[in-house]
Amino acid sequence: DQQVKQNSPSLSVQEGRISILNCDYTNSMFDYFLWYKKYPAEGPTFLISISSIKDKNEDGRFTVFLNKSAKHLSLHIVPSQPGDSAVYFCAAASNTGNQFYFGTGTSLTVIP
Amino acid sequence: NAGVMQNPRHLVRRRGQEARLRCSPMKGHSHVYWYRQLPEEGLKFMVYLQKENIIDESGMPKERFSAEFPKEGPSILRIQQVVRGDSAAYFCASSPHPGDTQYFGPGTRLTVL
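Protein chains in written order, with the numbering used here: chain A, 12 to 123; chain B, 4 to 116.
These are computed hints drawn from the structure, not numbers from a lab.
You can take every hint at face value.
Some but not every residue of chain A turned toward chain B, in silico, with C-beta under 7 Å:
| # | residue |
| --- | --- |
| 1 | Phe57 |
| 2 | Asn106 |
| 3 | Gln110 |
Non-contacting residues of chain A with respect to chain B, defined by C-beta distances greater than 12 Å in every case (computed):
| # | residue |
| --- | --- |
| 4 | Glu26 |
| 5 | Gly71 |
| 6 | Asn78 |
| 7 | Ser80 |
Across the chosen pairs, the derived CB separations fall in these ranges:
| # | chain 1 | residue 1 | chain 2 | residue 2 | range |
| --- | --- | --- | --- | --- | --- |
| 8 | A | Ile122 | B | Ser69 | 41 to 49 Å |
| 9 | A | Asn106 | B | Leu116 | 38 to 46 Å |
| 10 | A | Leu22 | B | His100 | 27 to 35 Å |
Cβ coordinates follow ideal geometry from the N, Cα and C atoms, glycine included.
Please model the entire structure based on the sequences and the hints provided.
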C-alpha cells in the first residue's frame, strides 16, 4: 500500500528552466512533508520540508508547495542547474507515527 | 562534523550466511531508523530504535531480521540466513528527537550470491 506516490519516474529539464517534481499522498494524518535528493551510491540528503500549517516553504532555489485539500505537494527548482541531476524522493510523516513514508522517486536530469 | 556513518558500504554474502550492518548516528542524535531500498523502489521503513529500546519494528520481517541499539556503540541490523531477496541497499537515519528531520547515512549495499 503506497501511501506516498511519485507518478513520474523521470524528468528532463533544460538548464536555467524550472523543474517541477510532484508527489501525492493518501493518508490525511500526514502533517510533515520532506524532499530528499539522492545521488547514485549515496544516502538521501535532506533538501527541504514543510509542515501542514503552511502551504509554501522556500529555501534559495527550492520551493515546496503543499495543497492539503488535493493531498499534493510539489518541489520547484528554479533555475535548474546540471548539479541538480539526481533522484528526488518525497516523504511524509504524521505526528502519531515513527516512520517516514517515501515515494518511489523521480530521476531529474538537467541538460546543460 | 561527522554525519551518520554506516559500515560496511558494501557487503557480499552467500545464501545462508549472516549479515551485520552497523550504523553510528550523528552526534547528539539518539533516535535511529533503518530503511531498505529494493531495486526500482523507494525506501521502506524497517525499524525505529532509541538507545537500548526498539520503539517500532512494524516494517521488519518477522523472521531472520533483528536490530539493536546498545547503550554504547553503533546500532546493528542483523540478517540471519540471508537469501537472494535480501539483496538491497540498507540505509540508516538518525534524528535528535522523534518526528524531527531524519538524516541519512550513505547506506550498505548487501549482495547475496
